[in-house]
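Guided by the hints, dock chain B onto chain A, whose structure is given.
As given, the protein sequences belong to chains A and B, one line each in that order.
Per this note's numbering, residue 1 is the first one in the first sequence, and the count goes up by one each step.
Per this note's numbering, residue 1001 is the first one in the second sequence, and the count goes up by one each step.
You may find that some hints are simply not true.
Keeping only pairs whose Cα atoms sit at most 16 Å apart, straight-line, the calculated EDC-like set for lysine to aspartate or glutamate is [stated by the list, open to error]:
#	chain 1	residue 1	chain 2	residue 2
1	A	Lys387	A	Glu220
2	A	Lys404	B	Glu1043
3	A	Lys412	B	Glu1040
4	A	Lys412	B	Asp1041
5	B	Lys1133	B	Glu1098
6	A	Lys508	A	Glu577
7	B	Lys1159	B	Glu1040
8	A	Lys406	A	Glu361
9	B	Lys1046	B	Asp1079
10	A	Lys526	A	Glu300
11	B	Lys1046	A	Glu370
12	A	Lys177	A	Glu340
Label pairs and their computed distance ranges (CB to CB) [unchecked claim]:
#	chain 1	residue 1	chain 2	residue 2	range
13	A	Ile529	B	Asn1115	26 to 32 Å
14	A	Arg413	B	Gly1023	25 to 31 Å
15	B	Asn1115	A	Glu333	28 to 34 Å
16	B	Val1055	A	Gln418	39 to 45 Å
17	A	Glu220	B	Gly1023	38 to 44 Å
18	B	Gly1023	A	Glu333	54 to 60 Å
19	B	Glu1117	A	Ile529	49 to 55 Å
20	B	Leu1130	A	Asp415	28 to 34 Å
21	A	Gln418	B	Lys1133	33 to 39 Å
To be clear, the hints were calculated from the coordinates, so they are not data collected in a lab.
Note that the Cβ used here is the ideal one computed from N, Cα and C, for glycine as well.
One-letter residues, chain by chain:
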Amino acid sequence: MEMDDSSSPDEKEFPGLYEKNSSKNKKGGGEENESNSSENLTLKKGSEKKDKKSKDKKDRQSYEALGGESEEDEPESRLFRSPSKSKKSKTFKFPSSKKEKREKSQEPSKDTADGTKDKKSKDDPKSEKKKLKKDKKSKSNVLPSGETVFELGDIQPIFGVSLGLAVERSRCHDNVKIPLVVRNCIDYLQEHGLQSEQIYKTEGIKTRLMHLRKCYNNRESQDEELDVPTACSLLKAYLQDLPEPILTTELITRFEEASSLPDVSKQAVELESLIEQLPKCNQILLAWLSRHFSCVIDHEKHNKLNAQSLAVLLSPVLQMSHRLMITILCHAETLFADVELHKYVPPITSTSPNLLETPEEISMELRKQESLLSQIHSEMNAGFVTKRREEELWETQRIITQLKRKLRTFEKRHDSMQKSMDTEAVEEAIDFTLQTTETVAPTETKIPQDIPETIPEQNSQPSNNETAVDINKVYVAENGFMTLHKDHPEYLNLIRLQLENQELMNWKQQLQARISVERAECVRLKRLINSEEPQNEVVTSVNVDDPEYGRLVEQYMKENSLLEQKRILLSKEIFDENISLIQLQVDLAMKQFIH
Amino acid sequence: MSKKVNSSVGAALHKVIMVGSGGVGKSALTLQFMYDEFVEDYEPTKADSYRKKVVLDGEEVQIDILDTAGQEDYAAIRDNYFRSGEGFLCVFSITDDESFQATQEFREQILRVKNDENIPFLLVGNKCDLNDKRKVPLSECQLRAQQWGGVPYVETSAKTRENVDKVFFDLMREIRSRKTEDSSKSSSRTKDKSKRRKLKCTLL
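So that you can see chain A by itself, here it is in the shape it has in the complex (with noise of 0.2 Å):
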């Protein structure tokens, strides 16, 4: 990962702004920071650096030019924290520091990224000014209230910053380290573009990509369906928007370079290496982005997109020229054969249906989670919070705590299953031992005969055999079976228990393996129930309007609860009946002790 000082520009805008506003509240209102945008354009447009994009949007360019010149973030996020003080933002630089390594030592990979906030901090005192008549200006503009709104967006925004910084700020919380507007438009774009004869071919509506742009700016989930072509433009416009090419100005020469070599093996080669060197979040974004376009293309049939048209497309957006990018199709599959493009699932949230049964989809959805609430905690800690945030925050924490109690119970119902099938494979060998009872006991233990109720402890130490010698002693048979000498007056007592023991074991173990077929059924309908929801709701509304029905309700009731009365007879029957069972096996297997 890396994050040099031109990725962040965007994080450092408008603290004089943010700091008045901080003391507010903050509600919706992308439009003022349109209009104090443009204003901003004309004060800073020299000092603007990177603006690369014309056909970027105005708010953009000018919270880049802001953030070259003046780049404070997080002193001003603190004042976000505690609205009350407003003072010099120096004096609170460090608390935050401090906050900020704490938090680094949970999220390794953010480290960068602060570490360069913490920098640029030290030059605040100079631009606060500026931005304090911006703030006024900005406010008068706005709302009447006097109430002005930053969104984590227009400070912290998607489109533009290094990937490092993107994928910090917008995680796939499936530990793929791509921006997730790009998993999203490569999601769709798998599942509904690859026959498309529209894909990156035509482009999407403006309004609707600057909307999108904006929702992914500022970590919203947008509700509407993308569309072939507005994820192809969404994802042109993000890869666009980057400040270095994906394969980085450092080592893109010698990308092209190696596209240029002859000898295809060494293409391969070179590439492979050069790939190697790339920082992580790049390898993953070009090893998705060309899994894809490899799958673009293999249905050319359909979408009549090779690879040399397609890289005529796209090979610009990506600022590589357009051999090179043929090349890299060309060794995707080997290039990236560790990848697999897969759809993304977001964390739950308490709304969506509670389908999660194994543990190991339980642990899953809570690394995701763990992975938004650290997401949260640090947008937090940078200063944005806002209600809606910390609503988030404690439904996220929530959520985690239910999960983790899940699987406590699957961990114990798993000991206590694990203990209970040691304890059958201890009857079992019991049991083989009385089948053939000639070869009972050649040997002792020191068992007083008095106590059968040390039977189970002895039938967890089977090992113990090789001690001492007393007929009046409890025998241990080869497999553990327990056993008195034949004249004792309990040796059919012992035996007894035994067998017992055993013809319950028996019992339990074929109620468990019923319950977890049932606990399977369970998990299988479940399933069916969400997969098939709208049928159902079809179903139930036309009997809910057939005037017969509440009669038939009241049919139906009285009907289940006989029925659920003769059931719980039934099962107690089948209760008694296998007791009675037991006893009758057990005395038909006493009589080969008898004489």
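Relative to the frame of chain A, chain B by itself:
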């Protein structure tokens, strides 16, 4: 978990935060209140959050409980929670003087973050079933509560469930009366207050 949240839109939500040193029984109190269970084995908490629907003086309300880490290691994330808390249970163990001394710092931290002397707050002496091992005299506890502007002091036992409901309900009452108070003299108050008042309209 989803149903609960959906069905209770509109019910007042009170946000309670458990603070105190490690091992004093914050989680034990929380779990006893939430699920009537007492956990013997100690496992340090990082942060856990719970929601429960309860009837407070005839009115159905929801309580959000945030169980925080006693250890300093998690102090960074703790601030984010403190800020959104509406009431605090400051817990120590009556068998551990150090934990009692630490409450002073927790109190200060909370006041710093909330910037509000009158934040709903209870001092809770836990493990009162172990009275024979008591290290902190009752009088000292009461004195401290008084010094803090007369916050209530209650002794609890997460093990026997003694006073467990009481501390949560007493705190919720304080939060509730605080909210009504705030909304009545709303506009004239400072930003801090307006923030708290807003908590009533909960987004889900």
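We went through each hint and held it up to the structure:
1. For the proposed pair A/Lys387 and A/Glu220, the alpha carbon gap of about 14 Å is at most 16 Å, so the pair holds.
2. As the CA atoms of A/Lys404 and B/Glu1043 are separated by approximately 13 Å, the hinted pair is consistent with the 16 Å bound.
3. For a cut-off of 16 Å, the pair hint linking A/Lys412 to B/Glu1040 stands: about 15 Å separates their Cα positions.
4. Between A/Lys412 and B/Asp1041 the alpha-carbon distance is near 14 Å, which keeps this suggested pair within the 16 Å criterion.
5. Pair hint B/Lys1133 plus B/Glu1098 holds up; C-alpha atoms about 14 Å apart against a cutoff of 16 Å.
6. Simply put, A/Lys508 and A/Glu577 have alpha-carbon atoms about 15 Å apart, close enough for the 16 Å limit, and the pair holds.
7. The suggested pairing of B/Lys1159 with B/Glu1040 holds, with an alpha-carbon distance near 9 Å, which does not exceed 16 Å.
8. A distance of roughly 11 Å separates the Cα atoms of A/Lys406 and A/Glu361; the hinted pair therefore holds under the 16 Å criterion.
9. The straight-line distance between the Cα atoms of B/Lys1046 and B/Asp1079 is roughly 13 Å, inside the 16 Å bound, and the hint therefore holds.
10. A distance of roughly 39 Å separates the Cα atoms of A/Lys526 and A/Glu300; the hinted pair therefore is violated under the 16 Å criterion.
11. A threshold of 16 Å between alpha carbons decides the hint, and for B/Lys1046 with A/Glu370 the separation of about 12 Å falls inside it, so the pair holds.
12. The hinted pair formed by A/Lys177 and A/Glu340 meets the criterion: a straight-line CA distance of about 13 Å does not exceed 16 Å.
13. Take A/Ile529 and B/Asn1115: their Cβ atoms lie about 49 Å apart, and the range 26 to 32 Å is violated.
14. Evaluation of the 25 to 31 Å hint for A/Arg413 and B/Gly1023 yields a pass: the beta carbon distance comes to about 28 Å.
15. Range check, B/Asn1115 to A/Glu333: Cβ separation about 60 Å, and the 28 to 34 Å hint is violated.
16. Separated by about 42 Å at the C-beta atoms, B/Val1055 and A/Gln418 satisfy the suggested range of 39 to 45 Å.
17. At roughly 41 Å, the beta carbons of A/Glu220 and B/Gly1023 sit within the given window of 38 to 44 Å.
18. The supplied range of 54 to 60 Å is met by B/Gly1023 and A/Glu333, whose beta-carbon atoms lie about 56 Å from each other.
19. The beta-carbon spacing between B/Glu1117 and A/Ile529, approximately 52 Å, falls within the hinted interval of 49 to 55 Å.
20. At about 29 Å, the CB distance of B/Leu1130 to A/Asp415 agrees with the hint of 28 to 34 Å.
21. Against the hinted window of 33 to 39 Å, the Cβ-Cβ separation of A/Gln418 and B/Lys1133 comes to about 37 Å, which satisfies the hint.
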